[in-house]
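Knowing the structure of chain A, use the given hints to seat chain B with the ligands on it.
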Amino acid sequence: MSVLTLESILKGRRSQPHQLIEVLHDVQERYRHIPEEDMRIVSRELGVPLIEVYRVANFYKAFSLKPRGRNVITICTGTACHVRGSNLLSNQVLGQLGISPGDTTEDGQLTLEQVNCLGACALGPVVVLNGTYYKHMTPSKLRSLINSVNEKGIEDTDDAKGKTKGKKRQRSH
Amino acid sequence: MPKVKPRVKSVKDLTELRKRLRSSVKNFKSKLTICGGTGCHASRSQDVIDAFKKELKKRKLEEGVWVRATGCHGFCEQGPLMILEPGNIFYCGLKPGDAGEIIAETILKGEVIERLLYTDPVTSKKVRTEAEIPFYRAQDRQLLAQNRHVDPCSIEDYIAIGGYSALAKTLTEFSPEKVIEEVKISGLRGRGGGGFPTARKWAECRSAPGEEKYVICNADEGDPGAYMDRSILEGNPHLVIEGMMIGAWAIGARQGYIYVRNEYPLAVKHARIAMQQAREYGLLGDDILGGGFSFDMEICRGGGAFVCGESTALMASLEGKVGEPRPKDVHTVANGLWHKPTTLNNVETWANVPPIISNGAAWFAGKGTRGSKGTKIFALTGRVKNTGLVEVAMGTPLRTIVFDIGGGAINGRAVKAVQTGGPSGGCLPLDRLDLPVDFDALYDAGSMVGSGGIVVMDEKTCMVDVAKYFLAFLQDESCGKCVPCRLGIDRMLEIVTDITEGRGRPEQIDLLKELADTVASASLCGLGKTAPNPVLSTLRYFPEEYEAHVNEKRCPAGVCRELIEYEIDAEKCNGCGTCRRACPYDAIKGKKKEAHVIASHKCQKCGICLSECKFDSIIVT
Ligand SMILES: Cc1cc2nc3c(=O)[nH]c(=O)nc-3n(C[C@H](O)[C@H](O)[C@H](O)COP(=O)(O)O)c2cc1C
Ligand code: SF4
Ligand code: SF4
Ligand code: FES
Ligand code: FES
Chain A
1 MSVLTLESIL
11 KGRRSQPHQL
21 IEVLHDVQER
31 YRHIPEEDMR
41 IVSRELGVPL
51 IEVYRVANFY
61 KAFSLKPRGR
71 NVITICTGTA
81 CHVRGSNLLS
91 NQVLGQLGIS
101 PGDTTEDGQL
111 TLEQVNCLGA
121 CALGPVVVLN
131 GTYYKHMTPS
141 KLRSLINSVN
151 EKGIEDTDDA
161 KGKTKGKKRQ
171 RSH
Chain B
174 MPKVKPRVKS
184 VKDLTELRKR
194 LRSSVKNFKS
204 KLTICGGTGC
214 HASRSQDVID
224 AFKKELKKRK
234 LEEGVWVRAT
244 GCHGFCEQGP
254 LMILEPGNIF
264 YCGLKPGDAG
274 EIIAETILKG
284 EVIERLLYTD
294 PVTSKKVRTE
304 AEIPFYRAQD
314 RQLLAQNRHV
324 DPCSIEDYIA
334 IGGYSALAKT
344 LTEFSPEKVI
354 EEVKISGLRG
364 RGGGGFPTAR
374 KWAECRSAPG
384 EEKYVICNAD
394 EGDPGAYMDR
404 SILEGNPHLV
414 IEGMMIGAWA
424 IGARQGYIYV
434 RNEYPLAVKH
444 ARIAMQQARE
454 YGLLGDDILG
464 GGFSFDMEIC
474 RGGGAFVCGE
484 STALMASLEG
494 KVGEPRPKDV
504 HTVANGLWHK
514 PTTLNNVETW
524 ANVPPIISNG
534 AAWFAGKGTR
544 GSKGTKIFAL
554 TGRVKNTGLV
564 EVAMGTPLRT
574 IVFDIGGGAI
584 NGRAVKAVQT
594 GGPSGGCLPL
604 DRLDLPVDFD
614 ALYDAGSMVG
624 SGGIVVMDEK
634 TCMVDVAKYF
644 LAFLQDESCG
654 KCVPCRLGID
664 RMLEIVTDIT
674 EGRGRPEQID
684 LLKELADTVA
694 SASLCGLGKT
704 APNPVLSTLR
714 YFPEEYEAHV
724 NEKRCPAGVC
734 RELIEYEIDA
744 EKCNGCGTCR
754 RACPYDAIKG
764 KKKEAHVIAS
774 HKCQKCGICL
784 SECKFDSIIV
794 T
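Top to bottom, those sequences are chains A and B. For the first sequence, position 146 matches number 146 in my numbering, and the numbering has no gaps at all. Count along the second sequence starting at 1, add 173, and that's the number in my numbering.
Bear in mind the hints are in silico, worked out from the structure with no lab data behind them. Please note: incorrect hints may appear among the correct ones.
Computed list of lysine-lysine pairs in BS3-like fashion (alpha-carbon distance at most 27 Å, straight line) [stated by the list, open to error]:
1. A:K141 / B:K778
2. A:K141 / B:K633
3. B:K268 / A:K141
4. B:K787 / A:K141
5. B:K633 / A:K135
6. A:K66 / B:K494
7. B:K299 / A:K135
8. A:K141 / B:K762
9. A:K11 / B:K442
10. A:K141 / B:K775
11. A:K66 / B:K654
12. B:K702 / A:K61
13. B:K442 / A:K61
14. A:K135 / B:K298
15. B:K745 / A:K141
16. B:K268 / A:K135
17. B:K226 / B:K282
18. B:K357 / B:K501
19. B:K764 / A:K141
20. A:K141 / B:K766
If we strip away everything but chain A, and leave its shape as in the complex, we get (with noise of 0.2 Å):
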């Protein structure tokens, strides 16, 4: 399904089982997750046994095996942000849309996930809706954040387009 821009990602980097991790990262940005069939391609390629390629992308956290939501919130939860109050963003989402961190909606709309720090402290708590920051958080400002994302569809930043985009792509194949 994605061979074609997977051959990209792969591009400069066949037969080096240390470029894993950066080619996971890669198909990760592109597809929101990591493909099982991507997986597969990725173990031929860089010459890595699949168990491997498995065990990397379980391992690390920057990688979903799942597919995530169409929006995807995430809550930092570092240190500076947690002595914020970032706990009473996590409840916020668990109260209005009854998801705990990594888990997506029903409806496929959103994913909430949880990060430890995006250097961001002094501005904590922060939250990042597809790729953009958001300071100073309280459970209220959240709750029209979500409520702007449900009413909208899809979050209107560089991000969120180059993703829909992507997203695009794949589903049409």
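Here is chain B with the ligands on its own, set in the frame of chain A:
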């Protein structure tokens, strides 16, 4: 600026290029330095930069006004921020709409716009320049100060301020041994957490047998809540690259790697651009500056695993494998990446190398304490007035950092504790804040300098909850390879959870201490070995908080969910309805302008109403 990059083939070429670059910037009447680091970027600084460019173009002022987007200035909380020359005027909290006014008033007429100046939260006075801001005044910014002078995407900026001259000096005047000797005299110790003497590591790696050797920069910055490494790599990538090149020359490596966390997209981008530019100028590649030294490097992204900051796990990850630590019977300096001698240093450690070579070891050793030299950058965060990056000479008391620079706790509360060293560190109480930031002093007090995170906590922070937070973090991040770490942290978390949820028993405290001993002594890598620190230090300095939870089933800070109830103070409540609308569980009822009530059977204690009420009417009992 030259379009096709001239190859810099010798030290003379470099010096001439620098001269040309310097004279080309003299023609600007005003200079705007706008921060484009991750923090300010999150505050939409790119829109501000674009607005300035547009306005300047509209007014045909592009020729006379130089706009430079730089990396982090360390005061991200106030962002987007800018410095305007002449006058060194510091404006903060900028919006795109301010661009026109700044050009019309300040650039053209020289008038300062009061509204955009920084207000000192302690004196409530407006402050004009960076130098007058208390947050900056008590600092000694050797590394961070460079950020405002370079656009991280411009190697020319870096060369203009003297960049790569330390490398030139090394290649022409220093033998590898002399470099190591110089670093040794400087007293530089690793900034990544361990405080290991850098020169010793280099010397061992140099003398390890083998032709092929590697240098690695650890930019994994695992401490959640710390961002000094991100701001250096993202704001001044060439400084790190230059440091690595000097180190590579010293140990005899021809290849380097930067292992950077994927959560820092801007740092990844800037480091990549920097590497590419250095290659174009011939500063990376074969026969650098005609000195017979060849070196190149690669950037690898981490996968969001804390344990990958550990040296052996990091090397496994660089090899494309699962990031599990291995026993360090043979040190990585002899048997590291691909079993070759490898030197791994932290971003800040590498960044300190060029200034040590340029200014001399004595300059560096002149700052700090007997055992900890130079300056160190700390990320001051948490419940403190001024949060940001703080660079101070080693040996500065914590109190100076928290109160003089940080301005004390927010909302007029009292500082209760300071957490240093991240998940491997510990919590120190107020009466220990006279301790100097010094590797050995903090270690002796049960905490550590670590990589430089300082989190301020006040009476609204529950210390048992803090211990639980770090245990949960470590349980999640343990690679699970060794049993004491995996099961021990699990069990400790279980007990602390019992305590925070009202099921704690007094004898569990002793069990907790026993487990802590086992985990610390029997774990394979530093993650497990230091995992008990947050628990042990809170037990040591805040036993009364544990006792309140265990014996009275009470959380004094009002944090632990199972031990508290939320109520509305009918006297104070004005019936604004904010909490009613905010409560996701529909647990709050009340008529407009009348006191509201919380139905306790519906309340899930999510704490949202408390954070939303502007009138302090929600009480925690
Ligand atoms: C679990 C664990 C995580 C670590 N994370 C980091 C990190 O994120 N950044 C870092 O520079 N060092 C980290 N370290 C320390 C490194 O293992 C290593 O000591 C350091 O990078 C060496 O560089 P230095 O001597 O310049 O400090 C970590 C250590 C452990 C045990
Ligand atoms: S101490 Fe923990 S993280 Fe380290 S190797 Fe053992 S299990 Fe893995
Ligand atoms: S938000 Fe506060 S003041 Fe407003 S109704 Fe709720 S408790 Fe009363
Ligand atoms: S702790 Fe949240 S951005 Fe660093
Ligand atoms: S990112 Fe602008 S000051 Fe830190």
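Exercise. Can you name, in rising order, the numbers of the hints this structure does not satisfy?
Worked result: none
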